[in-house]
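As you go down the protein sequences, you meet chains A and B in turn.
Under UniProt numbering, the first sequence has 181 at position 181, and the numbering climbs by one with no breaks.
Under UniProt numbering, the second sequence has 546 at position 546, and the numbering climbs by one with no breaks.
One should not assume that every hint holds.
[Unchecked claim] Calculated Cβ distances over 12 Å to all of chain A for the following chain B residues:
1. Ala402
2. Arg440
3. Lys444
[To be verified] Rough simulated footprint, nothing fancy, chain A against chain B, three-plus residues with beta-carbon under 8 Å:
4. 87-95
5. 415-428
Just so you know, the hints here were simulated from the structure itself, not pulled from any lab data.
C-beta: ideal position from N, C-alpha, C; glycine also.
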Amino acid sequence: MIELLVQHPLLAALLALVGLGAVFGALLGYAAVRFRTEGNPIVEQINAILPQTQCGQCGHPGCRPYAEAIAAGEDINKCPPGGQAGIEALAQLLDREVVPLDDEHGEEKVPQVAFIREDECIGCTKCIQACPVDAILGAAKHMHTVIASECTGCDLCVEPCPVDCIDMIPQAQTLQTWHWELPDTSNRGADIIATDAGEAA
Amino acid sequence: MRKIHDFHGGIHPVENKHQSLHTPIRDAGIPAELTLPLSQHIGAPATPLVAVGERVLKGQLVAEATGLVSAALHAPTSGTVTAIEPRPIAHPSGLPAPCLVIASDGEDAWCELPPPCSFETLERPELLARIRAAGIAGMGGAGFPAAVKLGLKPGTQVETLIINGTECEPYITADDILMRERAAQIVRGAQILAHLVAPAETVIGIEDNKPEAIAAMCAAAEGTGIEIAVFPTKYPSGGEKQLIELLTGKQVPSGGLPMDVGVVCQNVGTAAAVADAVEHGRPLISRITTVTGAAVDEPQNFEVLLGTPMSHLLALAGYRAADNPRLVMGGPMMGFTVPDPGVPIVKTTNCILAPSAQELPAPPPAQACIRCGLCAEACPASLLPQQLYWFARGREFEKAEAHNLFDCIECGACSYVCPSNIPLVQYYRAAKAEVLQMRRDAQKAEHSRQRFEARQERLEREEAEKEARRAARKQAAEEKARRAADAGSGEADPVQAAIERAQARKAAQAAGAASEENPLQKLEKTVVTTRERLEKAEAKLAQARSEGADHIAALETGVEKTRAKLAAAEQALQDYQAQQTPAEPAPAGDAAQAAIQKAMAARAAQANKSPLEKARDNLEKLEARLAKSEARLAESRAAGEEEKIVEALASSVERLQEKVAAARAELAAEES
Numbered sequence: 001m002i003e004l005l006v007q008h009p010l011l012a013a014l015l016a017l018v019g020l021g022a023v024f025g026a027l028l029g030y031a032a033v034r035f036r037t038e039g040n041p042i043v044e045q046i047n048a049i050l051p052q053t054q055c056g057q058c059g060h061p062g063c064r065p066y067a068e069a070i071a072a073g074e075d076i077n078k079c080p081p082g083g084q085a086g087i088e089a090l091a092q093l094l095d096r097e098v099v100p101l102d103d104e105h106g107e108e109k110v111p112q113v114a115f116i117r118e119d120e121c122i123g124c125t126k127c128i129q130a131c132p133v134d135a136i137l138g139a140a141k142h143m144h145t146v147i148a149s150e151c152t153g154c155d156l157c158v159e160p161c162p163v164d165c166i167d168m169i170p171q172a173q174t175l176q177t178w179h180w181e182l183p184d185t186s187n188r189g190a191d192i193i194a195t196d197a198g199e200a201a
Numbered sequence: 001m002r003k004i005h006d007f008h009g010g011i012h013p014v015e016n017k018h019q020s021l022h023t024p025i026r027d028a029g030i031p032a033e034l035t036l037p038l039s040q041h042i043g044a045p046a047t048p049l050v051a052v053g054e055r056v057l058k059g060q061l062v063a064e065a066t067g068l069v070s071a072a073l074h075a076p077t078s079g080t081v082t083a084i085e086p087r088p089i090a091h092p093s094g095l096p097a098p099c100l101v102i103a104s105d106g107e108d109a110w111c112e113l114p115p116p117c118s119f120e121t122l123e124r125p126e127l128l129a130r131i132r133a134a135g136i137a138g139m140g141g142a143g144f145p146a147a148v149k150l151g152l153k154p155g156t157q158v159e160t161l162i163i164n165g166t167e168c169e170p171y172i173t174a175d176d177i178l179m180r181e182r183a184a185q186i187v188r189g190a191q192i193l194a195h196l197v198a199p200a201e202t203v204i205g206i207e208d209n210k211p212e213a214i215a216a217m218c219a220a221a222e223g224t225g226i227e228i229a230v231f232p233t234k235y236p237s238g239g240e241k242q243l244i245e246l247l248t249g250k251q252v253p254s255g256g257l258p259m260d261v262g263v264v265c266q267n268v269g270t271a272a273a274v275a276d277a278v279e280h281g282r283p284l285i286s287r288i289t290t291v292t293g294a295a296v297d298e299p300q301n302f303e304v305l306l307g308t309p310m311s312h313l314l315a316l317a318g319y320r321a322a323d324n325p326r327l328v329m330g331g332p333m334m335g336f337t338v339p340d341p342g343v344p345i346v347k348t349t350n351c352i353l354a355p356s357a358q359e360l361p362a363p364p365p366a367q368a369c370i371r372c373g374l375c376a377e378a379c380p381a382s383l384l385p386q387q388l389y390w391f392a393r394g395r396e397f398e399k400a401e402a403h404n405l406f407d408c409i410e411c412g413a414c415s416y417v418c419p420s421n422i423p424l425v426q427y428y429r430a431a432k433a434e435v436l437q438m439r440r441d442a443q444k445a446e447h448s449r450q451r452f453e454a455r456q457e458r459l460e461r462e463e464a465e466k467e468a469r470r471a472a473r474k475q476a477a478e479e480k481a482r483r484a485a486d487a488g489s490g491e492a493d494p495v496q497a498a499i500e501r502a503q504a505r506k507a508a509q510a511a512g513a514a515s516e517e518n519p520l521q522k523l524e525k526t527v528v529t530t531r532e533r534l535e536k537a538e539a540k541l542a543q544a545r546s547e548g549a550d551h552i553a554a555l556e557t558g559v560e561k562t563r564a565k566l567a568a569a570e571q572a573l574q575d576y577q578a579q580q581t582p583a584e585p586a587p588a589g590d591a592a593q594a595a596i597q598k599a600m601a602a603r604a605a606q607a608n609k610s611p612l613e614k615a616r617d618n619l620e621k622l623e624a625r626l627a628k629s630e631a632r633l634a635e636s637r638a639a640g641e642e643e644k645i646v647e648a649l650a651s652s653v654e655r656l657q658e659k660v661a662a663a664r665a666e667l668a669a670e671e672s
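Only chain B is shown next, with the shape it has when bound in the complex:
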């Protein structure tokens, strides 16, 4: 017989368990619509794998686990996915959460499942994979993904595997009835878990207020080496840390995990689900839920599909809504009020409590703390609830943290014994949340600071680079100027020289103009200067080529042009000389000259014309242009050219039409 230890504090509230134990587990059937919240567990929400309108079969994977701490979701029955949207869920906030809605077709057709097998033949990773694939999350109430808890680091030695059948909270009997009716399955689950974590001993812990369950479990565990440990009833002996202390005498360190003292703890419901998943390949799609309280006619336990609306279960149990001021999910100690009876059953819903107003009256107004110390006596975590209360109320969260606020399991024992009816647990929950929020804020602030500093640094670096480039350019320019000055230092100042040259040229020109202009000299001079320019340009080009500069092309065209000019100048000189020799008048230059002359003549003629004639001519010209434009427009329309082009043409035609109209008006005015 195992030595049963004791933990500090604890209370003995009225159990109220017998009401729901008169009848065996009842199948809740298939509701018309199932709502599966994507987050029914602690950790990251699952990612949907199906689309709206898709048909799903019972047991089909509909949402997969994302990340390490997460759990998969399966269709609880066959049907059609009708929505993936936020719906109200069982959460104290009453906020909606993303849900996958399935309209059941009533056929309850299973998808293909992995073949049944015996766990002894499976390797550890394979077993874990099966548990993970089945989407099992702690069924006791916390909902921690089972596969994560069981996925031990290599080399860790587990002393004790504890299967938790305590169920210490009043009213709840889901585990009790499971142990009574499905003891063999739980024991098989325990064996699988033991196979997985290889503990030195496996213990199933049950409170002594469940004699039928104890008898059933003892019978089932006969000869398996699994020990059934029975201990006195006390709330909250079902708390993980309290149960570990009860059965092993070891205390889980503050902020630590059971694994730190070599213990793995799983709920009996989880063990049953593991057995189902490993032996039959069936995923977690249903659970046992207690429906109890004075506001239901037939309190009992249901085997219910996940996603079933609570109202469906309540209707089966004979719910009288008028007698029930508030509906609670979980037990009276740790449960919370559900915002709406339509919210779905999830993996962690072990109880729906519909108490009457007399049964669970609204909490009386809180009175001042009288420092009686009853809370400290009741606290199973050996904390100082009174101190925590003062710190939380005074918003001195750091001090509360220093008083081990985070070791509080929120069991409600302190609030239960408080003679002043102070809602202590609510203070601790709020304080915990504030601290977590502050930590998140601090983390975000730190992150923002890093980003801000990185940005400042980047801006400074860019500025410095820009400055460096500018300085380099400035230096290069100065260098160049200095070099140029050095090269020109042999002669006079180059600028001065250029000015002088220009002045000389001007003077010469003026002299030339003053004297009889000599066209021959002029032409000769042109030829000479052009040749000089050509030579210079060629030298430059050669230099550029040897340096491989990138403006060679430009220089080349320059050289070409200069050469052409030189040729033209030489030609002109020859022409002039030939002209001079026969002493004949030069023929009327080239075509350009002719055109200029023509234009000048036309202008002269225009000048001589009367305004009336001018207007008429103008009109004629405009009309011709309009005709041309219209033809072009028609052509491009016919050719089906781009819309833009057609539009542009059309607008130009319009403009011309306007101009023509204006010209007509002008002409009319002139004529009159």
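So that you can see chain A by itself, here it is in the shape it has in the complex:
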């Protein structure tokens, strides 16, 4: 046997390579079964970036379905609540081109919160059924109200209301939400001589 191999080095090399291939193939096959990942991990990562307003503006019934669609190759610019920042984060994650938000699906708005004009509410429970995050409280023929801290501002409750008593109110800036803005660098000419300013004024 050894003699045969010595006399035919080509055969020896072939056998060695085939043997290695078989061993590593078996190893990889075992690993694929043993360390199998459940579900699609990229979907979870995409879903973590999406804003979870569950508004359906992207045309999918919730953020997770859209995450699945993105993982399957759909455009990343269909989420108005996520805004440009969300698109950038998705682009970075998926190594895709940063594209502007698709106007067809709506535009980026300031965060809003639903407000029920309680005098006008007739207690039909339609908004309660529409709310994707159970943020509306009420019972049949009793006044409903929005739990503002749970509201994602998706405005899905506005359309079903038969008496149009739901307003979407932009979230007011409070001391808790106020923060310093980055200095404005847009209108700064590079040719301004520092010593000119102030003295002349």
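Add chain B to chain A, keeping to what the hints say.
Only chain B this time, still in chain A's reference frame:
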């Protein structure tokens, strides 16, 4: 003598402290109105305990701490609460915040205070409770509730208690003058704090540019075991982490607290307030505030009641508003522009700076970064300000965070040395805020996701339950049908049998009708069938009773009715038989029969009447009904019945009146 360490970076700006140190502390008096913001500290805002219009006494608790990290508020003088509403406060945003407004009555009448006592006799929890009740928040500028900082976890060993008398920021002299004039009180406060946290050593750190304060403190601390540490002047050695490094050589880890290296740090103002609170039971209602700058005639320090409008202090110091382009709370390095001079003094207001335009000119326009690296040399936190600047500008906040953005103490040393006048600190503040905002958003998104998924799950579960119920019902129905089929399989198909029976009956009836109708046979048949039905119903009832079904009542009434029918049928049969025997004509049936006959007769008569008569009759009837209705209405009105009933009656009367009118018109038409 303690070894004084050094920290990285730092700058030496012009001190400008002497202007406000010519005169002793002056009492600012009682302004007409005090505005107390409910949030003068880091943490949750206090909850008001008083109502608008209520009279409060000096030192009375007016708002209590909510939650762990919070501080109470007390009335700085006696007076009346005139409003609890959002008012402008000293905040860079210029946004209003909830405030409690007190109109002072000038009497300055104290409420009853806890009896004075010596701290040695008090237990740790009792001491802490007193400090917490006094509403003391860090007086150095950050405003962290003192009781929270001092409430150590059991078993922690404090190496060093540092009392911070550094006051490194230019212009500010509030701590300096406090140490000069009230050294004994500060030392007592330090002793109380030492009693509370039981440190191995207690050090009061003072910069060497305050010789009078050092002398006063040394004299007061004589024989108490408290060490006075003096170190060279450098900005920002008063920063908590920088001071700890100066005095102990230890560095507080990134993102950590001084406690992580066994150090507790408190401001001298806080120590004085603690002494007041513990020994005299007096809450924190006033503080020392420096009013300085070229736009005031007499820069000096005031002892001022919390809530006093800044304009009140400025007026006392001889403020020239025309010379002052912007009013700053705090020092020139870390302070911020106040939106309006009417905003109140709070627990953290150590200085009001009213500089002239020459003194603190508007920042020149920023130039491009030339990567000179001066900022990195000046940074006391050993950060890379230039890198942070690029990341913040490019909105690469994650990278900025990775470069320890949150270790920046926003001291402004980098902006101070920047030859391009780049407002670096503003970039870092904005970047920090963006990161915090993103964290909050992520948290909210996660929360929403959980709620959404919980809802989806619930909907699916409900759907599945509904489906299961439906399936169970379907199965039960099929089972029943099968059982019925099994029971009927001995004979022919039950439906077919029923049809046949019905057909037979019809045929028999037809035959009966074709032949001479025999009433006797008919009656007999009725009796027989009714009896059969009764028997069946009784059997069913018995079965239902034994099974305990819920329709027993219905079955019972059914049985009763059938029995009554049977009796009636038997009676009819007997009557008929009796009738047949004497062969007499039957008397005119029962009352119902009579009524029917009468009605038929009436109809016949009606048919014979002329239209005129008909109309007249109709009118008469309607008039009678109207009279009756009106009587009923009057009756119910008199009895004061429910409005609804009266209304209904009234409307029916109206309708009748209309009908009567129509009938009259008809009659008139017929007559003509």
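Hints, one by one, checked against the model:
1. Ala402: holds (15 Å)
2. Arg440: violated (9 Å)
3. Lys444: For B/Lys444, whose nearest Cβ neighbour in chain A is about 8 Å away, the distance does not exceed 12 Å, so it is violated.
4. 87-95: holds (count 4)
5. 415-428: It holds, with 4 qualifying residues against the three required.
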